[in-house]
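Last residue of the sequence shown: number 308 in full-length UniProt numbering, and the count goes up by one each step with no gaps.
Derived from the structure by calculation, the hints contain no laboratory data. Please note that the accuracy of each hint is not assured.
DMTMM-like, lysine to aspartate or glutamate: derived pairs with alpha carbons at most 25 Å apart [what the hints assert, rightly or not]:
id, residue 1, residue 2
1, 102, 169
2, 4, 189
3, 130, 99
Here are the computed distance ranges between Cβ atoms for each label pair [to be verified]:
id, residue 1, residue 2, range
4, 302, 52, 20 to 26 Å
5, 262, 52, 51 to 57 Å
6, 257, 42, 42 to 48 Å
7, 13, 179, 34 to 40 Å
8, 44, 155, 39 to 45 Å
9, 144, 100, 17 to 23 Å
10, 37, 169, 40 to 46 Å
11, 50, 127, 46 to 52 Å
12, 219, 260, 17 to 23 Å
13, 33, 90, 30 to 36 Å
Glycine residues also receive a C-beta, built at the ideal position from the N, C-alpha and C atoms.
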Amino acid sequence: MKKKHVAVLLGGFSSERPVSLSSGKACADALENEGYQVTRVDVSRDVGSVLADLKPDVAFNALHGPFGEDGTIQGILEYLGIPYTHSGVLASALAMNKEQAKKVAKASGIPVAESKVVNRFAVQNKHPMKPPYVVKPVNEGSSFGVVIVHEGQSHPPQVIGSTEWQYGETVMVERYIHGRELTCAVMGDVALGVCEIIPTGHSFYDYDSKYVPGGSKHEIPAKISPNIYQKIQTLALKAHLAIGCRGVSRSDFRYDDRHSENGEVVWLEVNTQPGMTPTSLVPEIAAQAGHSFGDLLSWMVEDASCLR
1 MKKKHVAVLL GGFSSERPVS LSSGKACADA LENEGYQVTR VDVSRDVGSV LADLKPDVAF
61 NALHGPFGED GTIQGILEYL GIPYTHSGVL ASALAMNKEQ AKKVAKASGI PVAESKVVNR
121 FAVQNKHPMK PPYVVKPVNE GSSFGVVIVH EGQSHPPQVI GSTEWQYGET VMVERYIHGR
181 ELTCAVMGDV ALGVCEIIPT GHSFYDYDSK YVPGGSKHEI PAKISPNIYQ KIQTLALKAH
241 LAIGCRGVSR SDFRYDDRHS ENGEVVWLEV NTQPGMTPTS LVPEIAAQAG HSFGDLLSWM
301 VEDASCLR
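With the sequences and hints as input, model every part of the structure.
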């Protein structure tokens, strides 16, 4: 039986282009090893005409950041009638907007941190909430632009109001949750394992922790009590379904167990385009559940569709 022709969409023009190039290369190489005919497409503004000429059976979306995971490329693929991987237009746009995604999660009974959305210049003059808190762009991924304001810090971070800031005029200010960084992948309608991310030499799971080899230690399965483990799996699947995700997603959590084992579990966000680099979490979590990298990608290709 002839294997499908897969166009792997990689690169693009967001701030996450380097990650997407790495993810895309890893996916394209693995899909070729699985016997698929693969065309690598470095996405630019003419991607619609490129794909219309190419006529692949499936588009494997390995893009990250705005345009790639916010519903835009998904809309182009719907218009062209090319089946694609990961989430559809609405879920992609919703998950990319941290404010709206939190509203949907909260309405579904998922615990989220207290937060507010403000203009970035409002943060410059006075603390928008009592420290500690986190300031993050509303529509960015890979921890770009995330600033942690620690307890006792007298002034808010000036970088957010400076000319160096390149992540939009609107930011989310969120109560800082102490504790451990946990993440859980969902594949279809099944929550896979829970992983603890332990940054090495970083105060939190920032860009370098995610993508630089040795930037973080991944403990799979996470060494937490069975009831917390199961709770995080349940919440990850609930978020995946509430936001309308398809294919593979990954939900991030904070778990504050300083005062008791049950502690506080807080959902942070769902990532509809998880990284697929050699140091990425989803391939590691899937491997622990018995899915090789090639098996995971093949499943995603066969799961691809329009109207997601």
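Structure-based check of all given hints:
With a C-alpha separation of about 19 Å, the suggested pairing of residue 102 with residue 169 holds against the 25 Å cut-off. Taking the CA atoms of residue 4 and residue 189, the gap is near 24 Å; set against the 25 Å cutoff, the hint holds. Distance restraint check for residue 130 and residue 99: the Cα-Cα separation of roughly 19 Å lies within the 25 Å cut-off, and the hinted pair is therefore satisfied. For residue 302 and residue 52, the hinted distance range of 20 to 26 Å is satisfied, since their beta carbons lie about 23 Å from each other.
Take residue 262 and residue 52: their Cβ atoms lie about 54 Å apart, and the range 51 to 57 Å holds. In this structure the supplied range 42 to 48 Å holds for residue 257 paired with residue 42, their Cβ-Cβ distance being about 44 Å. Checked against the given bound of 34 to 40 Å, the beta carbons of residue 13 and residue 179, roughly 36 Å apart, stay inside it. Restraint check, residue 44 to residue 155: a C-beta distance of roughly 42 Å satisfies the suggested window 39 to 45 Å.
A hinted range of 17 to 23 Å holds for the C-beta pair residue 144 and residue 100, which are about 19 Å apart. The hinted window of 40 to 46 Å between residue 37 and residue 169 holds, with their beta carbons roughly 44 Å apart. Hint check: residue 50 to residue 127, Cβ distance near 48 Å, so the stated range 46 to 52 Å holds. Look at residue 219 against residue 260: about 21 Å separates their beta carbons, and that is inside 17 to 23 Å.
For residue 33 paired with residue 90, a C-beta distance near 33 Å keeps the hint of 30 to 36 Å intact.
In summary, this structure violates none of the numbered hints.
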